[in-house]
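Asker: Per full-length UniProt numbering, the sequence shown starts with residue 1, numbered consecutively.
Okay, derived cross-link-like pairs now, SDA-like style, lysine to any residue, Cα gap no bigger than 20 Å in a straight line:
#1 Lys49 / Tyr61
#2 Lys4 / Ile42
#3 Lys37 / Gly21
#4 Lys29 / Arg10
#5 Lys34 / Leu44
#6 Lys34 / His7
#7 Lys49 / Val15
#8 Lys25 / His13
#9 Lys49 / Ala59
#10 Lys49 / Ser23
#11 Lys34 / Val15
#12 Lys25 / Ile50
#13 Lys49 / Ser20
#14 Lys37 / His13
#15 Lys49 / Leu17
#16 Lys25 / Val15
#17 Lys25 / Tyr43
#18 Lys25 / Thr35
#19 Lys65 / Leu55
#20 Lys25 / His11
#21 Lys37 / His11
#22 Lys25 / Thr38
#23 Lys49 / Gly8
#24 Lys25 / Asp41
Beta-carbon label-pair distances, calculated as ranges:
#25 Thr62 / Thr6: 34 to 44 Å
#26 Asp41 / Gly21: 17 to 27 Å
#27 Ser66 / Gly32: 36 to 46 Å
Bear in mind the hints are in silico, worked out from the structure with no lab data behind them. As the structure is a prediction and not an experimental result, all values here were calculated from the model. Ideal Cβ positions, reconstructed from N, Cα and C, are used throughout, including at glycine.
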Amino acid sequence: MEYKGTHGFRHTHAVLLLESGTSIKFVSKRLGHKTLKTTVDIYLDITEKIEEDELNEFASYTKRKSNVALKAFEIEAF
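Could you put together the complete structure from these sequences and hints?
Answerer: Structure (structure tokens):
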């Protein structure tokens, strides 16, 4: 494996934090950035894990919403 310097470790650390669900604000502060935009522009790669987690979260949200609507419909039907 080719050595890419300390920036490679920094980037990997930041992306792993984001993949684990850590807030962008925390990551930005940990990296010493003055603005969230800097962190987002450099480190917020849409990895397969982040994409999968976000889509699962959306699916869970829509399932909850449809269950609430179904229960409301059932109550009105009685």
